[in-house]
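Asks: In case you want the letters, here they are:
There are 2 protein chains.
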Amino acid sequence: MDCNGAGQPLLSGAADPTHQTKNAYAPKGRRFRRCKSAPLADFVAPDMNGNEKLPRSGSIFGKHHPNFTRVAVYLSVYLGMGTLCFYMVKTQINGKKTNGILDALYFCIVTMTTVGYGDLVPDSTLSKLLACAFVFAGMSLGGLILSKGADYLVEKQEILLVKALHRNQKVGPTDILKEIETNKVWYKCLLVSILLLVHFLVGTLFLIFVEGLSLVDAFYCVCSTITTLGYGDQSFKSTAGRIFAVFWIPTSTINLAQLFLYIAELNTETRQRALVHWVLTRKMTHVDLEAADIDDDGVVDASEFIIYKLKEMGKISQEDINEVMEEFEELDVDQSGTLSASDIILAQNSQTKR
Amino acid sequence: MDCNGAGQPLLSGAADPTHQTKNAYAPKGRRFRRCKSAPLADFVAPDMNGNEKLPRSGSIFGKHHPNFTRVAVYLSVYLGMGTLCFYMVKTQINGKKTNGILDALYFCIVTMTTVGYGDLVPDSTLSKLLACAFVFAGMSLGGLILSKGADYLVEKQEILLVKALHRNQKVGPTDILKEIETNKVWYKCLLVSILLLVHFLVGTLFLIFVEGLSLVDAFYCVCSTITTLGYGDQSFKSTAGRIFAVFWIPTSTINLAQLFLYIAELNTETRQRALVHWVLTRKMTHVDLEAADIDDDGVVDASEFIIYKLKEMGKISQEDINEVMEEFEELDVDQSGTLSASDIILAQNSQTKR
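Heads up: the protein sequence lines correspond to chains F and R, in order. Just so we're aligned: 247 in full-length UniProt numbering is position 247 of the first sequence, and the numbers increase by one with no gaps anywhere. Just so we're aligned: 268 in full-length UniProt numbering is position 268 of the second sequence, and the numbers increase by one with no gaps anywhere.
Heads up, a few of these hints could be off.
Note that identical chains are pooled: a pair holds if it fits in a single copy or bridges any two copies.
Lysine to aspartate or glutamate pairs mimicking DMTMM-like chemistry, simulated, CA-CA at most 25 Å apart [as the list claims (entries may be wrong)]:
| no. | residue 1 | residue 2 |
| --- | --- | --- |
| 1 | 178 | 155 |
| 2 | 178 | 329 |
| 3 | 178 | 320 |
| 4 | 163 | 327 |
| 5 | 184 | 296 |
These aren't lab readings, by the way, just hints derived from the structure by calculation.
Same shape as in the complex, but just chain F (with noise of 0.2 Å):
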């Protein structure tokens, strides 16, 4: 197990100098300095938990991520092998052609993307058998590119979309950060929406002035593309169009699942935040006070009110907390109801001996 970098998450945190912008969603302290001794704020399992976001140190600055550098390996040696295969029965695909490793990439990418034009349609059985295989390998390779890849590089350009939006305003490096805390996934949405509106403008324009398109039948292509629809009446079917067509028909695709994606991501978190404002606000009454005290002394500390209105969130379950606390009960060797310096003594000398 690769989680050798959560050993040390509190001197790694504390290590971190963006660590810092953490500071702002600290509560007006008042008394409870205290919650703030609590560590691994930053705690993420680099490679355990692919659904975590990136530790920000990580997604900003420094190389890239290992999973993107994953998914570009994978995606080489997709299209490398796609391209040779299609290359190899070239004379089994029938349609208009031009170049013919031109064709074999273009071809590798249209059945990657889903999009199945039909301009260039396989006619043996073995050039079908492959088109079979290489869309289900394109389509798990899509979904990994959209959920280790394409995300990462989103991340990287929103501090550059955040600053550019803040040019006007003195804002240091730590308020942007906070601001793309805050607004994260607003952000995202923002910039896909962009570089869509830019898919759309440059795929119309190449259509029009290289393909000889009309304008609705540029849109419409465009449109058939990018959802990955393909008709297959109109297509690229110059040289230059298919060169363009390998690098525009990936990019614009997957920048509008990315679209669609952020969108279901923003109208979760908007739910999510109703939710918790609501948790919050609503009144707690006598039953819930009962409820809450784990420990039956009669009061609630700040640490079985977060456990309680955590849970009422929906963020933790019982069972999550069951299973902590069958491991809080082995290391309890004392039975004292809390864990003191000497339990730990004793929980390790129980479990040398065993």
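Dock chain R against chain F, hints included.
Replies: Quick look at chain R alone, frame taken from chain F:
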């Protein structure tokens, strides 16, 4: 805000007969019966958080879920409007025609799912723009079906699958629910894979015996359709074929998309479980003990331990905690560091005065 249903989760949870099964997950109750007293074990905000699992009681028994009804209504409106629009411009659509209404519905389905064979293609500005509009609306609808409707149907069928698999063993409904709860995503993958196999078989056999394709062509057409590739060299050309396609295309394409989603979910869950295991089994050190001690009393009680570990698992963040702490400080009017009945009364009075 429609969170009225969340107002009495404690009571509704207690009145729920399926709730009994939760006890199976409670810790091997030694001293800590106390943690069971915490409420909201099944708290789910019904319409607030789309990502939440449905409460078991709602998803298995009883009426259809509101999300599902909404998806069904949207789909009917989309197909109704689509068929009407494309029927009205039927003279502006070129290609192999059968029955007017059927062709319009078939074209609508082929567009909505982004299969886009191209056996029927729009041939006027109006029909092209209509196709553009319907493909974008169709993609959004597809996303909605995937996120709100399809999962609900799979969860309903999951019960039947698990019952069938355990037919020969003596198991009660409680055991079935427990088994599903533990291996939920795995059963979903299995179920959707079986359904996909059925779609493959039925589609291939239909194309061989009704459309008269060869085995390879039929398989190739099924692959090309299910993945929404749709080159269009093979498609449904007869009246019977198009009637079949109208039902088979949407269900099979959604089916494959679901399989990809569940595989991703399974992947994430496996890594999440590995992380939970690692967090729970790693040795507590004195540094951990100090860090977990939120109220600085030198010992770590159960609630502090739970918060510390859940944070380490990445299930809750410092921001979540800070938000709740702010509310706690508001409520803790006498600044005792604990909430008691008197705090609640004081807080309510001060809120009334405001």
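Asks: First find the shortest C-alpha distance between residue 184 and residue 296 inside one copy, then the shortest across copies, and answer within, between, both or neither for a cut-off of 25 Å.
Replies: Answer is neither; intra-copy 40 Å and inter-copy 34 Å both fail.
Asks: At most 25 Å between C-alpha atoms: does residue 163 with residue 327 qualify within a copy, between copies, both, or neither?
Replies: Neither, since 46 Å and 33 Å both go past 25 Å.
Asks: Cα distance capped at 25 Å. Does residue 178 pair with residue 329 within a copy, between copies, both, or neither?
Replies: between (39 Å within a copy, 24 Å between copies)
Asks: For residue 178 and residue 320, with the copy left unspecified, which applies at a CA distance of at most 25 Å: within, between, both, or neither?
Replies: Only across copies: residue 178 and residue 320 sit 16 Å apart there, 30 Å inside one copy, limit 25 Å.
Asks: Indicate which option fits the pair residue 178, residue 155 if close means a Cα-Cα distance not exceeding 25 Å: within, between, both or neither.
Replies: Within one copy only: 14 Å inside, 40 Å across.
In this structure, the hints that do not hold are numbers 4 and 5, in rising order.
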